[in-house]
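*Asks:* These are the residues of each chain, in order.
Protein chains: 2
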Amino acid sequence: MTDLNFELLARDGAARTGIIHTPRGDIRTPAFMPVGTAATVKAMLPQSVRETGADILLGNTYHLMLRPGAERIARLGGLHKFMDWPRPILTDSGGFQVMSLSALRKITEEGVRFQSHIDGHEEFLTPERAMEIQRQLGSDIQMVFDECPALPATHAAIEKSMALSMRWARRSREAFDRQSSEERAGRACFGIVQGGSFADLRIRSAEALQEIGFDGYAVGGLAVGEPQSVMFETLEATVPHLPPQKPRYLMGVGKPDDIVGAVLRGIDMFDCVLPTRSGRNGQAFTFQGALNLKNARFADDPAPLDPGCSCPACRQFSRAYLHHAVKSGEIIAAMLLTWHNLTHYQRLMERLRQAISEARLADWVAAFRTAEATDA
Amino acid sequence: MTDLNFELLARDGAARTGIIHTPRGDIRTPAFMPVGTAATVKAMLPQSVRETGADILLGNTYHLMLRPGAERIARLGGLHKFMDWPRPILTDSGGFQVMSLSALRKITEEGVRFQSHIDGHEEFLTPERAMEIQRQLGSDIQMVFDECPALPATHAAIEKSMALSMRWARRSREAFDRQSSEERAGRACFGIVQGGSFADLRIRSAEALQEIGFDGYAVGGLAVGEPQSVMFETLEATVPHLPPQKPRYLMGVGKPDDIVGAVLRGIDMFDCVLPTRSGRNGQAFTFQGALNLKNARFADDPAPLDPGCSCPACRQFSRAYLHHAVKSGEIIAAMLLTWHNLTHYQRLMERLRQAISEARLADWVAAFRTAEATDA
Numbered sequence: 001m002t003d004l005n006f007e008l009l010a011r012d013g014a015a016r017t018g019i020i021h022t023p024r025g026d027i028r029t030p031a032f033m034p035v036g037t038a039a040t041v042k043a044m045l046p047q048s049v050r051e052t053g054a055d056i057l058l059g060n061t062y063h064l065m066l067r068p069g070a071e072r073i074a075r076l077g078g079l080h081k082f083m084d085w086p087r088p089i090l091t092d093s094g095g096f097q098v099m100s101l102s103a104l105r106k107i108t109e110e111g112v113r114f115q116s117h118i119d120g121h122e123e124f125l126t127p128e129r130a131m132e133i134q135r136q137l138g139s140d141i142q143m144v145f146d147e148c149p150a151l152p153a154t155h156a157a158i159e160k161s162m163a164l165s166m167r168w169a170r171r172s173r174e175a176f177d178r179q180s181s182e183e184r185a186g187r188a189c190f191g192i193v194q195g196g197s198f199a200d201l202r203i204r205s206a207e208a209l210q211e212i213g214f215d216g217y218a219v220g221g222l223a224v225g226e227p228q229s230v231m232f233e234t235l236e237a238t239v240p241h242l243p244p245q246k247p248r249y250l251m252g253v254g255k256p257d258d259i260v261g262a263v264l265r266g267i268d269m270f271d272c273v274l275p276t277r278s279g280r281n282g283q284a285f286t287f288q289g290a291l292n293l294k295n296a297r298f299a300d301d302p303a304p305l306d307p308g309c310s311c312p313a314c315r316q317f318s319r320a321y322l323h324h325a326v327k328s329g330e331i332i333a334a335m336l337l338t339w340h341n342l343t344h345y346q347r348l349m350e351r352l353r354q355a356i357s358e359a360r361l362a363d364w365v366a367a368f369r370t371a372e373a374t375d376a
Numbered sequence: 001m002t003d004l005n006f007e008l009l010a011r012d013g014a015a016r017t018g019i020i021h022t023p024r025g026d027i028r029t030p031a032f033m034p035v036g037t038a039a040t041v042k043a044m045l046p047q048s049v050r051e052t053g054a055d056i057l058l059g060n061t062y063h064l065m066l067r068p069g070a071e072r073i074a075r076l077g078g079l080h081k082f083m084d085w086p087r088p089i090l091t092d093s094g095g096f097q098v099m100s101l102s103a104l105r106k107i108t109e110e111g112v113r114f115q116s117h118i119d120g121h122e123e124f125l126t127p128e129r130a131m132e133i134q135r136q137l138g139s140d141i142q143m144v145f146d147e148c149p150a151l152p153a154t155h156a157a158i159e160k161s162m163a164l165s166m167r168w169a170r171r172s173r174e175a176f177d178r179q180s181s182e183e184r185a186g187r188a189c190f191g192i193v194q195g196g197s198f199a200d201l202r203i204r205s206a207e208a209l210q211e212i213g214f215d216g217y218a219v220g221g222l223a224v225g226e227p228q229s230v231m232f233e234t235l236e237a238t239v240p241h242l243p244p245q246k247p248r249y250l251m252g253v254g255k256p257d258d259i260v261g262a263v264l265r266g267i268d269m270f271d272c273v274l275p276t277r278s279g280r281n282g283q284a285f286t287f288q289g290a291l292n293l294k295n296a297r298f299a300d301d302p303a304p305l306d307p308g309c310s311c312p313a314c315r316q317f318s319r320a321y322l323h324h325a326v327k328s329g330e331i332i333a334a335m336l337l338t339w340h341n342l343t344h345y346q347r348l349m350e351r352l353r354q355a356i357s358e359a360r361l362a363d364w365v366a367a368f369r370t371a372e373a374t375d376a
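First to last, the sequence lines map onto chains A and B.
Letter by letter, the first sequence follows residues 1 to 376 in the numbering used here.
Letter by letter, the second sequence follows residues 1 to 376 in the numbering used here.
Hints in this document: simulated from the structure, not taken from any laboratory.
Warning: the hint list may mix true and false statements.
Same chains, same names: a pair is fine if it fits in one copy or spans any two.
[Unchecked claim] Pairs of lysine-lysine residues, derived as DSS-like cross-links and limited to a Cα-Cα distance of at most 25 Å, are as follows:
| no. | residue 1 | residue 2 |
| --- | --- | --- |
| 1 | 294 | 106 |
| 2 | 81 | 294 |
| 3 | 327 | 81 |
| 4 | 327 | 42 |
So that you can see chain A by itself, here it is in the shape it has in the complex (with noise of 0.2 Å):
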C-alpha cells in the first residue's frame, strides 16, 4: 500500500495510543488535526499551530480548489510550503463542503456538479478529480469523495447514499492507485465509513471499504447535529468492524468530551473546527469547561484565563485584558484564545495518550468529567 506505518504503543479496553509515522513526521495518536481550512489555522502563523503541539493539520479541498485553486498551489510547491507547514497535513475530499457551503448541487453517479459560494461559478467535483486535487495539494493522508445525506432521512435514503459512496470510494482509491508511485510515497489514501445512525448500514459499508482496502478509516456523516448518545452508539457499532492494525478517524469531532467519548470506544484521530472559531468567539475552553471571555465578570478579573496552561494568553495576560480584548474586537483576542483553545486540545489529547499508555483511562476519564462539570 504505502509508507504510512501506525504502531500501536498501548491499549485500554477499546482505546488505543499510538503512532503513525510519516515520511513528514509522527503523529501520536489518539491525535487532533487542528483545520487549516483556506491554508491557515485562522489567526495563528504555523510556528505557532506547532508550539501548541500539533503533528498534523486538515486542509479543506473544497475551499482550496476554488480559492487559490489546486493547480496554483501545485505550481507554488505544494501547499506544505504555500502555507508553512512542513509537517503532515490531511486533506478531506470536497464531499462535506459541496453539501453544507455550496449553491444549487445537482448530485449524479458521476459526480457534484455545484456553484461555488464565493463566485457563483460552477464546478464539478468527482471522484477522480477530488484524488487529483488532493494530489495537487501534495496532501499526506487523502481522503476519498463521500456523499454526507442531511440526517435525518429514511433507512432507504441513508442506504442508497451510502451506496453511491462506497462507489465512489473504489473510483476514488483506484484514482489514488494511478497517482504515480513516486507521488504516492509516503501518501496515504482514507475510506470514509458512511451509514446515518442504522447500524446494519454502518457495518455493510465498513465491509465494504475494507474489500476495496484503505490505508485508514474514517467514520463520516457524524457530528451533523444529532445527540451525542446516537453518535456514540454509531460509533459502538462501526467500530469493531473496523481493522484493529488501522488509524481510525472521526471526521468533524467535537466538543472536548466528544472526543473523550470516541477515544473510549476506539477512535484515533479527531479534527473539529470548534477550538478556532470558539476562540475567534471570545470562548475558551479549560478543563473545569468552558468560559465566555465576553462575560463582564471577567473585567476586573486579574487571574489567568487558565493557571496549568502554558499557552501565552495563560502565561502573559490576565482574565481582564482578554475580557477587554474580546468586547474590543481587536485582532488579538481572536489570536490569543486560538492559541490557548488549540493548547488546551493538545493538552487533552497527551493526557489521553497518557492515560491509555498507563492503562488508567476509565479513571482519567472519571475525574475528566467530574472536573469539567464544575465551574472555571
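With chain A held as given, fit chain B onto it using these hints.
*Replies:* Relative to chain A, chain B alone:
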C-alpha cells in the same frame, strides 16, 4: 525635572541621533513608536512588536479611558502589565481623538465635554483629568492636553486655539508636577507646539512651552491633511525654536518619506497608524515603494514580499500566499503584513540612525528617494 535623559550621539545637518534613557529601557532616536491604541498593537503580540525593533509604544488616552477605563487598568497594575509591554510607553492626552472621534463636543476654558463614540455616555476631559488618566495608566511619557483645530483655519482662529492650548499646557505641567515624586520617577511630560501653518504662531507656541519647561517638545496639529510641503515648512519654522538638548516628537507622522523629511529637519520621534492600518488593508511597505497585495499580479508570484526583510511574512511566505490570504480575508494576512510593515518602519529608522551617525544622511536620503520611486 525627571529621570529622562536624552543622550545626543551625533548630528548631521539639522538631523540628530541619540538615546533617550528611561528606567524601562532605552529609546534609540530617531524613533518610530507603533500605535497600541486600545492596549494592543492591532494584530500583533507584544513580543512580536519588540522583535520588529520597537523600543517604545504609543497608547491612546481617549480609547483607554472609555474602555476598559484608566481606573481599572490602574487596579490591574498599570498599562505595561495589562498589555504585557514592559518597555517605555508614551500616551497622548486624548485631545486629538476627542476632536476626531467623539460626538457633541463642547470646548470651554475648563476642558472638553464630549460623548463617547462607543456608547454615547458623556465625559469631561480637562488638562488635570488627562494627566490623571496618564498617571493611572503608568505612562512613561505623558503628553499635555491640547486643542487640535481643524485646518484650514484663519490666523485669528488658530491663534485663539493655540493660546488656549498653552494655558492647558501649563495646567497639564502643574498637574504632572503634583503627582508624587515616587510616581513621577522616571516619567516625563512633553509639551505640544500648536499654531497651524503660521510660523509666527508656532514660534510663540514654542517659546511659551519653554517658559513652562518640559522634558520634550512635540509638534502637534500637523498630518491632518495638509500638503507635505506645508508640514515641512512648518517644521523648518518651528524646530529652530525648540531646545536642542530635548527630544522633539512629530505627532501622527507618517509615510516613510514624511519621516525622512522630518528627520532631516531635526525631529527625533514619530508615531503613526499607517504601518498597522495599511497592513490590515493589504498594503506592504518596501524600500522600493508600497505594494498592494490585493493586486492580481501577485497571485502566482513565488517571490518573497521583500527579499531584504527578515520578518516572518518575508522569510516564510510567498507574495502569492500573502495575496491569497488578503483576498480570502484571513486574519493571518493582517498579522503578517502588520509584522512586515512594523519591521520595515524599524529598518527605516535604523538606516536613518546609521546614516546620521556616519554623517552621510544627505546621500542616503537621495538614494532612498530614488529607490522609492521605482516599482517593487
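*Asks:* Evaluate each hint against the coordinates.
*Replies:* Going through the hints against the structure:
In this assembly of identical chains, residue 294 and residue 106 lie within 25 Å of each other by CA distance neither inside one copy nor across copies; the values are 42 Å within and 33 Å between. With identical chains, the CA atoms of residue 81 and residue 294 are at most 25 Å apart between copies only, with a shortest distance of 21 Å across copies and 37 Å within one. With identical chains, the CA atoms of residue 327 and residue 81 are at most 25 Å apart between copies only, with a shortest distance of 19 Å across copies and 36 Å within one. Taking the shortest alpha-carbon separations for residue 327 and residue 42, both the intra-copy value of 19 Å and the inter-copy value of 14 Å come in at or below 25 Å.
Hint check: a violation occurs at hint 1 only; the rest are consistent with the structure.
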